[in-house]
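S.K.: From first to last, the protein sequence lines are chains A and B. Oh and the first sequence: position 402 is 402 in the numbering used here, straight run, nothing missing. Oh and the second sequence: position 105 is 105 in the numbering used here, straight run, nothing missing.
Simulated from the structure, these hints should not be mistaken for laboratory data. Just so we're clear, the structure is a prediction, and the values are computed from it rather than from any experiment. Errors might be hidden in some of the hints.
[Stated by the list, open to error] Here are the simulated BS3-like cross-link-like pairs (lysine-lysine), alpha carbons at most 30 Å apart as the crow flies:
| hint | chain 1 | residue 1 | chain 2 | residue 2 |
| --- | --- | --- | --- | --- |
| 1 | A | Lys191 | A | Lys249 |
| 2 | A | Lys434 | B | Lys86 |
| 3 | B | Lys116 | A | Lys142 |
| 4 | B | Lys104 | A | Lys278 |
| 5 | A | Lys370 | B | Lys104 |
| 6 | A | Lys184 | B | Lys14 |
| 7 | A | Lys23 | A | Lys47 |
| 8 | A | Lys184 | B | Lys33 |
| 9 | A | Lys370 | B | Lys86 |
| 10 | A | Lys191 | B | Lys111 |
| 11 | A | Lys434 | B | Lys111 |
| 12 | A | Lys191 | A | Lys48 |
| 13 | B | Lys112 | B | Lys86 |
| 14 | B | Lys111 | A | Lys370 |
| 15 | B | Lys31 | A | Lys142 |
| 16 | A | Lys149 | B | Lys33 |
| 17 | A | Lys249 | B | Lys104 |
| 18 | A | Lys191 | B | Lys31 |
| 19 | B | Lys122 | B | Lys104 |
| 20 | B | Lys111 | B | Lys33 |
| 21 | A | Lys136 | B | Lys33 |
| 22 | A | Lys136 | B | Lys31 |
| 23 | B | Lys104 | B | Lys116 |
| 24 | B | Lys14 | A | Lys249 |
| 25 | A | Lys434 | B | Lys116 |
| 26 | A | Lys142 | B | Lys33 |
| 27 | A | Lys136 | B | Lys116 |
| 28 | B | Lys122 | B | Lys159 |
| 29 | A | Lys393 | A | Lys370 |
| 30 | B | Lys104 | A | Lys184 |
| 31 | B | Lys170 | A | Lys278 |
| 32 | B | Lys33 | A | Lys70 |
| 33 | B | Lys111 | B | Lys122 |
| 34 | A | Lys434 | B | Lys159 |
| 35 | A | Lys136 | B | Lys111 |
| 36 | A | Lys229 | A | Lys23 |
| 37 | B | Lys159 | A | Lys149 |
| 38 | B | Lys112 | A | Lys136 |
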Amino acid sequence: MARKLLFEHINVPGINTFDVYRKQGGYRAVEKALKSLSPDDVVEEVKKSGLRGRGGAGFPTGMKWSFLAKPEGVPRYLVCNADESEPGTFKDRYLMTNIPHLLIEGMIVSSYALGANTSYIYVRGEMMPQIRILEKAIAEAKAAGFLGKNILGSGFDLELYVQPGGGAYICGEETALLESLEGKRGNPRIKPPFPAVSGLYGCPTVVNNVESIAAVVPIVNEGGDEYAKIGIGRSTGTKLISASGNINKPGVYEIELGVSVEEFIYSEEYCGGIANGKRLKAVVAGGSSVPILPANLILKTTNGENRLMTYESLSDGGFATGTMLGSGGFVVLDEDACIVRNTWNFSRFYHHESCGQCSPCREGTGWMEKVLHRLEYGHGTMSDIDLLVNVAKQIEGNTICPLGDAAAWPVASAIRHFRDEFEWHVTHPQEALKGNYGLAHYADPLPQIAQTV
Amino acid sequence: MLKVTETQEINFSKELIAQFDEMVQRYPQGKQKSALLPILHAVQAEYGWLSPSAMDNVAEYLNIQPIEVYEVATFYTMFFLQPQGKYVLEVCRTGPCQLVGADKIMDHLEKKLGVKEGEVTKDGLFSWRGVECLAACGMAPVLQIGPDYTYYENLTADKLDTLIEELKKK
Ligand SMILES: Cc1cc2nc3c(=O)[nH]c(=O)nc-3n(C[C@H](O)[C@H](O)[C@H](O)COP(=O)(O)O)c2cc1C
Numbered sequence: 001m002a003r004k005l006l007f008e009h010i011n012v013p014g015i016n017t018f019d020v021y022r023k024q025g026g027y028r029a030v031e032k033a034l035k036s037l038s039p040d041d042v043v044e045e046v047k048k049s050g051l052r053g054r055g056g057a058g059f060p061t062g063m064k065w066s067f068l069a070k071p072e073g074v075p076r077y078l079v080c081n082a083d084e085s086e087p088g089t090f091k092d093r094y095l096m097t098n099i100p101h102l103l104i105e106g107m108i109v110s111s112y113a114l115g116a117n118t119s120y121i122y123v124r125g126e127m128m129p130q131i132r133i134l135e136k137a138i139a140e141a142k143a144a145g146f147l148g149k150n151i152l153g154s155g156f157d158l159e160l161y162v163q164p165g166g167g168a169y170i171c172g173e174e175t176a177l178l179e180s181l182e183g184k185r186g187n188p189r190i191k192p193p194f195p196a197v198s199g200l201y202g203c204p205t206v207v208n209n210v211e212s213i214a215a216v217v218p219i220v221n222e223g224g225d226e227y228a229k230i231g232i233g234r235s236t237g238t239k240l241i242s243a244s245g246n247i248n249k250p251g252v253y254e255i256e257l258g259v260s261v262e263e264f265i266y267s268e269e270y271c272g273g274i275a276n277g278k279r280l281k282a283v284v285a286g287g288s289s290v291p292i293l294p295a296n297l298i299l300k301t302t303n304g305e306n307r308l309m310t311y312e313s314l315s316d317g318g319f320a321t322g323t324m325l326g327s328g329g330f331v332v333l334d335e336d337a338c339i340v341r342n343t344w345n346f347s348r349f350y351h352h353e354s355c356g357q358c359s360p361c362r363e364g365t366g367w368m369e370k371v372l373h374r375l376e377y378g379h380g381t382m383s384d385i386d387l388l389v390n391v392a393k394q395i396e397g398n399t400i401c402p403l404g405d406a407a408a409w410p411v412a413s414a415i416r417h418f419r420d421e422f423e424w425h426v427t428h429p430q431e432a433l434k435g436n437y438g439l440a441h442y443a444d445p446l447p448q449i450a451q452t453v
Numbered sequence: 001m002l003k004v005t006e007t008q009e010i011n012f013s014k015e016l017i018a019q020f021d022e023m024v025q026r027y028p029q030g031k032q033k034s035a036l037l038p039i040l041h042a043v044q045a046e047y048g049w050l051s052p053s054a055m056d057n058v059a060e061y062l063n064i065q066p067i068e069v070y071e072v073a074t075f076y077t078m079f080f081l082q083p084q085g086k087y088v089l090e091v092c093r094t095g096p097c098q099l100v101g102a103d104k105i106m107d108h109l110e111k112k113l114g115v116k117e118g119e120v121t122k123d124g125l126f127s128w129r130g131v132e133c134l135a136a137c138g139m140a141p142v143l144q145i146g147p148d149y150t151y152y153e154n155l156t157a158d159k160l161d162t163l164i165e166e167l168k169k170k
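Okay, chain B solo, but in the shape it has when bound (with noise of 0.2 Å):
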């Protein structure tokens, strides 16, 4: 399920480069840094985490110290630093989440899938944790699920059960 290791070594394929390419033309001559965000969401949606190796290569492309991407990436929340399961579920824990139940959905999850919050199941499949405001307060409770983070929302212990069969069998 792991598709690469803490250690390891990797070279970006010649359609991730290519997303790349598209991306710094988005910003003005000399400002490629801009990219460092969109590039980075593209090398974790290929690998499920960003690997040492991984931010290093960015660096390179971007011609960047690879200090300028190691501190954006422990600096912002939705970038794994750490290999995850393949479906980390992402649940709303803030305010009005919480005043409808987010507590009782992630006792739930934490009993259904049998690992603490930030652990990976035995199977590889699945991880979760709670998260900030996701922006569907008015659906809560809500999870939402990466790399193209589909919500899932107006959530109940039937619901989730429901949808981590469907994951499984995918």
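The following block holds chain A by itself, in its conformation from the complex (with noise of 0.2 Å):
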């Protein structure tokens, strides 16, 4: 089995109460950071733990951190990233749910890294549920002295909240979420200047992703080492991936970062195969915005060497024939799946959420979902398929945040992946709407590379 650092107890009856999660050990890395660690010393472990961010940019934490201003009397603020939208991601929802108070210590801990002493969780408004058990969360550790003035003595005062969203996916961009969280829509501001200069209200501010922060909390009680002994390379420590689409065991798994993508798909331990005896067509392997792969490539890179879940191997070969890690929202399609149809879901979703300040965005994704629409419904034509090309290509770069480029690869992976099934929708219109064009060659062998001697 794998080792467990988030969840480890998560199976523990009424882990979500303060009680039973500080019998299990919960609050001690609080009691370590306050009584017996500077704020620099936290810095210092999470930079030795080579934690990158769990949001989907992988950015490492440590360094973010140390990057943080500080100058004098004006404060300082941490915002947690629970606005969880992306398609597929599901992770941060679970983990609120089931074991709020890591998340909660998590905020602790970090909040005294950086000298912030008030906080917000910005979680988003749909997880109304979850922000009532937040709320209740913080309220039983204040009870308990590890909230408010002078917690457990050090002189260290933090006061949390949290902040509901009110449903709009780029409120996970970063600087997007600052904007709502000061209660105006959420347009992405132009950086420079980055939160960690001119943040909330101005101040500096860091906004690292729910597990980013509930990873805070083994790496203070274990040291920043013993995290980054797990894992491959420069993809250290343990990773929740969210599972879902036509698998047989949909979920969310902590993974060490460095099992194969064959096992993740095919273990009982985690995605338990294929659902309904089917076979393997595609996966989106991190979310709605990172490029999907057709089986073959998602098993293999084109060395033939085994695909492992981490953030190098997923991206090896780049977009060509790569994908990404980006938040572990791992979705599975299986042979019966529509390639088509699913790249305009995709497409509908981020025209729908395009806050519509640049025109490359605001324009182009809904063009995409138009063409997709009508390509899908079985009145495309052949020079449809270069116009979305042509669309993507625009967007890409050509915007504020990254929103744009997240509509456009899932757009041109699927048209260099999946080209044929495309085309077939235009030579076949009327096949397309009854029946689809199913697994083709997705999963065959990838051919051999010219060996060159």
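With the hints as a guide, bring both chains together as one complex.
M.R.: Structure (structure tokens):
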């Protein structure tokens, strides 16, 4: 069995309450940090751990923390990103529902490390049940002396609040999130300045994902070096993977980074194989924003190596033949899934969620949705396929925030790898309405790469 | 069923104002506008939607311009600018949910309730709509119902029928 750092106690009855969490060793990290470590010591441990942001971009957390500006007399803020709206991703909701004190504990230790005396957890509004759970957990922690003034006699004060969003994927982008937290529309800000210099209310701010902040707890408890022993290369520690789609056992799994994609999909410990005895067609490995890969390319790299669940291995081959770990939203498509329909569905999502600030994204996402809709419903032409590639190219890199890229990549990669299926929709419109293109050759072994002498 | 109409002037209750007072305490002095989203959620939980008069009152309470409230209320999809059914069934329609049958759930809902997406049933009890990813992809298909936004997971047509009958009896 793989080591569990975040979910070690997740099956203990009542672990969502303070008392049980505490009995299982909860809040030890707060005691250790506040009593025996300086804030800089905590930052140092997080640096040593090699922890990379679990929100999608994978930026090293310790490095992000060390960039935080510390001007005299200006408050600093820690804001936890619990907006979790990336299709395919549901790990943060799971964590907050089942073990909310892990996040609260992580917030206390991280706030201490950053010198923040007021911190916020920004939770998407749809997760009202989780907001209530966190509010209760905060009240419990406060009653036990882990929040408020002079925590554990250390002189460190912290107030922690939960902020609801209002239903907008874009508010997961950190500067849009800050705008939203200030009571405004979620329009991303132009960077620089980065939040580390000018964030919430113009003050230095760190924004971190729920899972990143939770991971600080085992890092402080066991030491950054211990944490870094798990994993491969620059992919250290454990990662929560949200597994969904056509698999036998959808759910949230804590993996040690480095397990193979094949094991993750087919072993009983994780997804338990493809549902209904079907065959694997494609995987979206890191949330809807990352390139989709056909079965053969997700299982093996073009060098014939097993693909692993690490930042590096998943992106091996770049955008031509690779993808990204992203937020760990692992969506599995079986032989009956229609790639055109799936791509159209994701495009509709991005069109709906574009904040409208930048024209390439506002207009481009709409066009992509429209063209994909007509391809899916039998009114497409061959030139539509190139049109899509063209529109995607014009969005990519031309917007203030990466939502534009996130909208373009799924379309570009679907056409790159499944072009024959798009063409079939054009040549067989009636059949495409009723049936599916099927597995085609997508699971066939990869052709041997010519050996250079 | 409808608590307030388009043109009705409303006054917030003492209890609601007390909730607002607690919310503005969460932010530094002078940053009370940060309470706008929590306050709008509280208002919608009370009235079922955000009427023009309700939004104007919020602006007055926060000492901001009405446009600052409107622009936020129109940006975020959770806020209703028209009256809805007592129960709004919000069905996730995105990727993973669609892979395992969200379309069928919505078709079933439309037939069962006899109203199209966005419309309200004659008895005022129900309306429904498709929404984007609710972050419950492992329990797909899912829907949720405000004002407490309870999730109903691993939906089937049968489960949906039972749920609707239960809500009718409430
Ligand atoms: C469109 C968009 C949506 C995003 N949504 C989320 C989200 O829901 N949760 C999250 O943690 N990060 C999200 N991010 C990434 C954040 O901008 C930011 O990088 C992250 O919260 C940093 O935390 P980390 O370093 O701990 O990963 C999103 C980014 C973009 C561009």
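S.K.: For the pair supplied as a hint, A/Lys184 and B/Lys14, is the alpha-carbon distance within the 30 Å limit?
M.R.: Judged against 30 Å, a Cα distance of about 26 Å means the pair holds.
S.K.: Would the pair A/Lys434 and B/Lys116 pass a check requiring their Cα atoms to be no farther apart than 30 Å?
M.R.: Measuring from Cα to Cα gives roughly 24 Å; hence the hint holds.
S.K.: What's the verdict on A/Lys191 and A/Lys249, does the C-alpha distance respect the 30 Å limit or exceed it?
M.R.: violated (41 Å)
S.K.: Does the structure keep B/Lys112 and A/Lys136 at a Cα separation of 30 Å or less?
M.R.: Answer violated: B/Lys112 to A/Lys136 is near 37 Å, above 30 Å.
S.K.: Holds or violated: A/Lys434 with B/Lys86, Cα cutoff 30 Å?
M.R.: violated (37 Å)
S.K.: For A/Lys370 and B/Lys104, compute the direct alpha-carbon distance and say whether it is at most 30 Å.
M.R.: holds (22 Å)
S.K.: Do the alpha carbons of A/Lys136 and B/Lys111 lie within 30 Å of each other, as the hint requires?
M.R.: This hinted pair is violated, its Cα atoms lying about 40 Å apart.
S.K.: Within a Cα-Cα threshold of 30 Å, do B/Lys104 and A/Lys278 meet the stated pairing?
M.R.: Since the Cα atoms of B/Lys104 and A/Lys278 sit roughly 21 Å apart, the hinted pair holds (cutoff 30 Å).
S.K.: Sort out whether B/Lys86 lies within 30 Å of B/Lys112, counting only the CA atoms.
M.R.: holds (16 Å)
S.K.: Next pair to validate is A/Lys434 with B/Lys159; report whether the Cα-Cα distance is within 30 Å.
M.R.: Holds - the C-alpha atoms of B/Lys159 and A/Lys434 are around 27 Å apart, at most 30 Å.
S.K.: Take a quick look at whether A/Lys136 and B/Lys116 sit within 30 Å of each other, Cα to Cα.
M.R.: Distance of about 38 Å is beyond 30 Å: violated.
S.K.: CA of A/Lys184 to CA of B/Lys33, is that 30 Å or under?
M.R.: holds (8 Å)
Violated hints for the displayed structure, listed by number in ascending order: 1, 2, 3, 9, 10, 20, 24, 27, 30, 31, 35, 37 and 38.
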